[in-house]
Amino acid sequence: MGRRVGKPESGRDDTEAPSSSRIVEIEDLAFGYGEAKQPALDGLTLSIDRGEFACVLGPSGCGKSTLLGILSGLYAPQRGRVAVDGTLVYEGGRRMAREAPAMGYVFQDPRLLPWRRVRQNVELALRAAGVPQAEWDGRVSTYLDMCGIGPFAESWPGNLSGGQRQRVAIARALAIEPTLVLMDEPFSTLDEVTARFLRRELLEVWERTGQTIIFVTHSIREAVFLADHVYVMTAGPGKLLERRTIEIPRPRVYEDPHLTEIEAGMVEWVLEHWGFYDATPREEGK
Amino acid sequence: MRPSTAVAPRLRAAGEGPSRTSLRLAPVVGIAMGLVAWWLAARFLFRFLPDPITTLRTFGEQVVTETFFENLGVTARRVLLGTVGAFVVGSAIGLAMGRIWTVETALHPWVFVGLALPGPLVILFAILAMGLGEMTSLTALWVVVTPFVVTLVYGGAKALDPELLEMSVTYRFGRGDRLRHVLIPALMPSLMSGVRVAFAMSWKIVVLIEALSSTVGVGERIHFFFIFNQPAAVLAWTFTFTIIMVAVELLVFQTLDRRLFAWRPRARL
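Keeping their order, the protein sequence lines are chains A and B. Read in my numbering, the first sequence has 135 at position 135, and its numbers run on one by one without any break. Throughout, my numbering is defined as the position within the second sequence, counted from one, plus 1000.
Hint data in this document are derived by calculation from the structure and do not stem from the laboratory. Glycine residues also receive a C-beta, built at the ideal position from the N, C-alpha and C atoms. Take these hints with a grain of salt, some might be off.
What the hints assert, rightly or not - In silico DMTMM-like links for lysine to aspartate or glutamate, alpha-carbon gap of 25 Å or less:
#1 Lys1158(B) with Glu35(A)
#2 Lys1158(B) with Glu1070(B)
#3 Lys1158(B) with Asp1177(B)
#4 Lys239(A) with Asp85(A)
#5 Lys1158(B) with Asp109(A)
#6 Lys239(A) with Glu268(A)
Stated by the list, open to error - Some, not all, of what chain A presents toward chain B, calculated at C-beta under 8 Å:
#7 Ser72
#8 Phe107
#9 Gly275
Working from the sequences, and respecting the hints, build out all of it.
Here's what the structure looks like:
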């Protein structure tokens, strides 16, 4: 995709974009689950540009999914400021806006209503997003076709494969034409071949729609392949370690040696920063 | 994305399974075997037990009596009211207990008390407290049956998939949509079990109530013929309503099952 080839920014925390181009602005965000000893997020600050494919990368338990939960309104932070598309949603841990801008959410598993047909699953999201009923047919067809699942509009989700169900979940998220699409490791439960195929297809859909996507993953390869910028989190409590710009031109090829090179460098770097080298090796024989 | 063509592998394609003929024959063979066993038992084991033909003849005699349909109608009305009342109240309580912990904590012990109460005891206390009458019968019926419905729906409500609820919050489903498209369909297996249990138990309890306290109804007739030692008439009246129960199961509940659970993938081994 031409419009994103070779971003000028490079390396560690790069140039500030003008405020109007920011779609997500997060400052000093903190959140802890009631029973946990350590907060999931503590002092997270980051901003994401409009139309960006942003990957949030971090090890398990670093608060990646919690971040999406806060953005989508599932959890309220204990501290910090969150603004989405110019709307101040949280400040000082208090909810400021009654209604945050609409967001599509693709979970790790598809979370489709098994007792509603594929079409109805998308329509329910459209109704909830306040899309006029006259537009439903067009939107359902457009996005199901775009995700390659159009012929299955009248099927029950239970009769589809895992990959097909996840396509429906992606179509549902995109169909409401949200300000922001949140994706929480959506391909992690699929087999590698299906996942690779869907990653490529997702990029094609993203290029066509121009929507902003925040994609959470713990796979460095996946992040490097998909992202404009990779937001690397600390090992927990989660905060931003670094924002890296991926300068590989699009369309990208998963097997591209340049991608492998960046991945290898990043693996080495995160091993150091996620504390894996600090672990004391066990003495042999004990 | 390119059109997807791969379909999930399944053990056997939907629609495959036993042939239509064997499906139709199976219940006929089952009933025939039961009748033969009954006849053999009546002929050789239990001399007091009337055989199927005698019972059928007695049934024919009862059908033509003036009060047959009145008795049947009264019992049917009581069973229907008992089922609907216990189902509606039991479902509401079960759902509230499953979703609101204060309700759960407050009502949990009482549900167990309700489950443990013997039916005849409830009926006798209802008669002592309220005297003989229709409301007494229905109150006793509801007190006995409702806890069973509560238990079933409560179990279903506790087992609701939190991930689907989370999805409905994320996509900002309204309360109505959440109830109609997420909660109720997820609870449907428990609700169907609840209505079946309410219906079956209502019939059993109504017969008992009518035998103990009523001047009309199938239970009263069974009790009447029992006192006058006419086992064929007792069986004829029992089967009268049992046939209605089976018809309701086949025509109502199984039709509902097919419609409500059409979404379930069929797996046959």
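How the hints compare with the structure:
1. Lys1158(B) with Glu35(A): Holds - the C-alpha atoms of Glu35(A) and Lys1158(B) are around 21 Å apart, at most 25 Å.
2. Lys1158(B) with Glu1070(B): Roughly 43 Å between the alpha carbons, so the hint for Lys1158(B) and Glu1070(B) is violated.
3. Lys1158(B) with Asp1177(B): holds, 20 Å
4. Lys239(A) with Asp85(A): Judged against 25 Å, a Cα distance of about 21 Å means the pair holds.
5. Lys1158(B) with Asp109(A): holds, 21 Å
6. Lys239(A) with Glu268(A): Distance of about 19 Å is within 25 Å: holds.
7. Ser72: holds, 5 Å
8. Phe107: holds, 7 Å
9. Gly275: With Cβ-Cβ at 31 Å, over 8 Å, it is violated.
In the structure shown, a violation is registered for the earlier hints numbered 2, 9, in ascending order.
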